[in-house]
Amino acid sequence: MGTDFILFVSASVFCIGATGFMIRKNPLVMFMSVELMLNSVNLLLVGFSKELNSLDGQIFALLIMTVAAAEVVVGLAIILTIFRTRHDLDVDNINTLKG
Amino acid sequence: MGFLALSFLGAVLDKKQVGLVACSAVGLAFLVAFWALTDLMNLEPAERIGHVEVLYPWITSGKFHLDLSVLIDPLSVFMLMIITGVGFVIHVYSIGYMNDDPEYSRFMSYMNLFIFSMSVLVMAADFFFLIVGWALVGLASYLLIGFYSEKRSAVLAARKAFVMNVIGDVGMVVAAYVIFQNFGSLNYVDVFAKAPEMYLPNSDAILLITFLLLVGAFAKSAQIPLHTWLPDAMEGPTPVSALIHAATMVTAGVYLIARCSVLYELAPYTMYLIATVGGITAIFAATIGLVQNDIKRVIAYSTMSQLGYMFLAVGIGMFGLGMFHLMTHAFFKALLFLSAGSVIHGMSGEQDIRKMGGLMAIMPLTFISFLIGSLSLIGFPLTSGYFSKEAIIISAWHAPMGNIFFWGLAVVTAGLTGFYSFRIFFFAFMGKQKDPNAHPHESPVVMTLPLMILAFLSLIAGGLGHDVLEFLSPVFGGHVPPHHEDGLLEGITLTLGAVGVIAALGLYLTDEERVKFVKDMLLPVHEILYRKYYIDELYDFFLVQPTKAIGKFLEEKAERQGIDFVVDQVAEKVKETSEGLSQWQSGKVRVYALNMVGGAVMILMFLVFY
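So the protein lines, in turn, are chains P and E. Oh and the first sequence: position 56 is 56 in my numbering, straight run, nothing missing. Oh and the second sequence: position 589 is 589 in my numbering, straight run, nothing missing.
Keep in mind that the hints were calculated from the coordinates and are not lab data. Note that CB positions come from ideal geometry on N, CA and C, so glycine has one too. Treat each hint with caution, since some may be false.
[Claimed, not checked] Here are the computed lysine to aspartate or glutamate pairs in the DMTMM-like style, where the Cα-Cα straight-line distance is at most 20 Å: (1) K151/E x D352/E; (2) K588/E x D90/P; (3) K588/E x D88/P; (4) K151/E x E103/E; (5) K588/E x D56/P; (6) K151/E x D169/E; (7) K160/E x E150/E; (8) K151/E x D100/E; (9) K151/E x D190/E.
[To be verified] Here are some of the chain E residues that sit facing chain P, going by a computed Cβ distance under 8 Å: (10) G408; (11) G491; (12) S586; (13) K588; (14) V589; (15) R590.
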C-alpha cells in the first residue's frame with residue numbers, strides 16, 4: 001500500500017466530511033462529519049509517519065484522538081442541552097445571533 | 001501568644017445552633033486574656049510595654065512594610081479583659097434573651113464576629129490593623145443593629161450608624177496616610193518613639209494627625225456632632241445595646257486616644273478640643289436623657305454622657321482615669337442595659353417607661369441589679385462609679401489642664417445624671433402597674449445570673465482603681481496620675497447628685513398632676529430636649545436636602561440631557577453604519593461553514609498557483 005493511496009483516501013474522507021458538514025442540517029450528523037475530517041488528518045499523519053520512518057506523526061495522531069474525545073463530550077452536552085430547551089435540532093432554526 | 005488571635009478566629013466560624021459554642025469561645029478568649037494578664041503582671045512595670053508578637057510578615061513594598069502582628073501591653077490586655085469578660089457575660093445573657101428568636105444562631109455568630117473585631121482593634125500593633133478592626137467593628141454593629149431586619153426603623157438606624165462610622169473611618173484612613181507620610185511607618189512603636197524627637201508640641205503635622213484620628217474617635221464614641229446614631233441604635237436587640245453601645249464599641253474612641261497618648265500629649269490644642277467636646281457632650285446628652293420615654297434610649301443618652309466624661313478625662317491628660325472610668329462604666333452600663341433588657345423581656349417587649357410600674361415586687365432580682373447599676377452610674381459613695389467619676393470630676397478642676405469650665409460641665413452633668421437615672425427607675429419599678437394587659441414575670445436564671453455577676457463587679461470594681469492606674473501607667477509615660485483630694489468639691493458633686501435623685505423622687509413618685517404641671521411650665525424646653533436639640537432635623541436640612549437637590553438636578557440635566565444623549569447618539573450611528581455588514585451574520589451555521597471552506601480553498605489556490 002503506497003503513500004499515494006493513503007493520501008488519496010485521506011483527501012476523500014476529508015472532502016466527505018467537509019461536504020457533510022455543509023449540507024446536513026442535523027447537528028449530530030454535522031458532528032460526525034467533523035469527526036471524519038479529524039480522522040482523515042490522523043490518517044495523513046500516520047501515513048507520513050510510515051513514509052518518513054518517524055514516530056512523531058503517530059504521537060500527534062494519538063493527541064488528536066484525545067482532543068477529539070474531549071471535544072465530543074462537550075459537543076454532545078451542548079447538543080443535548082439545545083434539544084432540551086428548544087425541542088428542535090435543525091441548525092438553520094438556531095439563529096438567535098442573527099445580526 | 002499567637003493563639004490569642006486564633007481563638008478569636010475560631011469564635012467567628014461557629015454557627016451551630018447551640019449558644020454554648022459561642023459562649024465557650026468567648027469564655028476561652030477571656031481565659032487567654034487573663035493568662036496574658038498574669039504574664040504581664042509577672043514582669044517589671046518598665047518591661048511591660050511594647051511586646052509585639054509578629055505572626056508573619058504580610059506586605060513589603062518599598063518603604064512600606066506590614067506585619068500581621070499583635071501588641072501585648074497593659075493597655076491592650078486591659079481592654080481585652082473588659083471586652084471578653086463583659087462580652088462573655090452578655091453572651092450568656094443572650095442565650096436567655098434571644099431564646100425565642102428564630103434567627104438565634106445568626107445572632108450568636110454576629111456577636112462572635114463583634115468580639116473578634118473588637119479584639120483585632122485593641123490588639124493591633126500598627127495603625128493599619130487598627131483601621132481593619134475599626135471597620136470590622138462598624139460592620140458588626142451594622143449587622144447587629146439591623147438584626148430585626150423586618151423592622152424598617154431598625155434598618156434605617158443600622159444604616160445611619162454605618163454612615164456615621166464611615167465618616168470616622170475616613171478620618172482614620174487619612175490620618176494613617178499622614179502618619180505614614182511623616183514617619184515612614186505605621187507601627188505604633190516606631191511612630192511613638194519618633195514623634196517626640198521629630199516634632200515640637202502643636203506643630204502642624206501633629207495637630208493634623210491628632211485631629212483626624214479624633215474624627216474617628218468621635219464617630220465611634222458618639223460625641224457631638226457625630227452622636228446621632230447611638231440613640232437610634234437602640235433598635236437592635238438589648239444584649240447588643242449592652243455589648244456594643246455600652247461596654248465595648250463606643251469606648252474604642254477613648255481607647256484610640258489613650259493608645260495615641262504620646263501624640264496627643266504633643267498636641268495640647270487637640271487635647272483642649274477633646275476635653276471641651278467631651279464636657280459638652282456629657283451635659284448635652286444628660287439633658288436629652290431627662291425627657292425621653294424609651295427605657296433604652298434614656299440609658300443610651302446616659303452612655304453618651306458617660307463617654308463625654310471619659311473624653312473629658314483623656315482631654316485633660318488623665319488617660320489612666322479615662323480608662324478606669326471606661327472599665328467601671330462597662331460594668332455598670334452593661335448591668336443597666338441587661339437589667340433593662342430583663343424588664344423588656346418580662347414586659348413582653350414593652351420599652352416605654354410610662355407603661356411600666358410596680359415591677360419591684362415582681363422582678364426582685366432585676367430590681368436590685370438595676371438599683372445597683374443606677375447607684376453606680378450616679379456615683380453613689382463606695383460603688384465603682386463613685387471612684388472613677390469622682391476622680392474625673394475633681395481632676396477636671398485640679399489637673400494641670402483642667403479648669404473651672406470643665407468642672408462645671410462635669411458637676412452639673414452629675415446632678416442631671418441623678419435625675420434621669422432615677423426617673424426611669426421610679427417609673428419602672430415603683431408605683432403601681434399602669435398597663436393592665438401586661439403580665440410581667442421575672443427572667444430565667446440564665447439572664448439573672450449575668451446580672452448578678454455584673455452587679456457584683458459594679459460594686460467592687462471601684463476598689464481596683466489604684467491598681468488599674470498603676471498597671472496602665474507604663475503605657476502613659478510611666479507616671480501614675482496624682483490623686484487629688486478635695487472634700488469640698490466631692491461634697492458638691494455628691495450633693496448635686498443627691499438633689500437630682502430627690503428631684504426625681506419628688507416628681508415621679510407622688511402624683512401625676514405635679515409631673516404634668518412641671519412639664520407644662522417647661523414646655524418649650526421639654527420640646528427642644530425631646531426632639532434632641534433638633535440635631536437630626538439640622539442634618540436633614542443642611543446635608544440631606546441639599547444632597548438630594550443636587551442629585552435631582554444632576555439626574556435631570558446632566559444624566560438625561562448630557563450623558564444619555566451622547567451615549568444614545570453613538571449607539572445610533574454605530575448601528576446605522578454597521579447595517580450592511582450585519583447582513584453577513586445570518587445565524588446559519590452551514591453558511592458560515594461554507595464561507596470558511598470557500599475561504600480556505602481560495603487561499604490554497606492562491607498559494608498553489610502563484
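Restraint: V589/E near chain P, CB-CB cut 8 Å. Satisfied or not?
holds (5 Å)
Closest C-beta approach of G408/E to chain P relative to 8 Å, hint status:
Not OK, violated: G408/E not within 8 Å of chain P, min 79 Å.
Does the alpha-carbon distance linking K588/E and D56/P stay inside the 20 Å limit?
Violated: K588/E and D56/P sit about 38 Å apart, past 20 Å.
Regarding the pair K151/E and D100/E, is the alpha-carbon distance no greater than 20 Å?
Holds, because 17 Å separates the two Cα atoms, which is no more than 20 Å.
K151/E paired with D169/E [C-alpha distance capped at 20 Å]:
Judged against 20 Å, a Cα distance of about 27 Å means the pair is violated.
Interface hint check: R590/E, Cβ to nearest Cβ on chain P, cutoff 8 Å. Holds or violated?
For R590/E, the interface hint holds, since the closest Cβ of chain P sits about 6 Å away, which is under 8 Å.
Would you check whether G491/E satisfies its interface hint, that is, whether its CB is within less than 8 Å of any CB in chain P?
violated (87 Å)
Check whether the Cα positions of K151/E and E103/E lie no farther apart than 20 Å.
Measuring from Cα to Cα gives roughly 14 Å; hence the hint holds.
Need the status of pair K151/E, D190/E: alpha-carbon distance at most 20 Å?
violated (47 Å)
With a cut-off of 20 Å on the C-alpha distance, tell me whether K151/E and D352/E pass.
Given that 20 Å is the threshold and the Cα spacing comes to 18 Å, the pair holds.
Hey, does the S586/E contact hint survive, CB to chain P under 8 Å?
Since chain P brings a Cβ to about 6 Å from S586/E, closer than 8 Å, the hint holds.
For K588/E and D90/P, compute the direct alpha-carbon distance and say whether it is at most 20 Å.
holds (10 Å)
Hint compliance for this structure: hints 5, 6, 9, 10, 11 are broken, all remaining hints hold.
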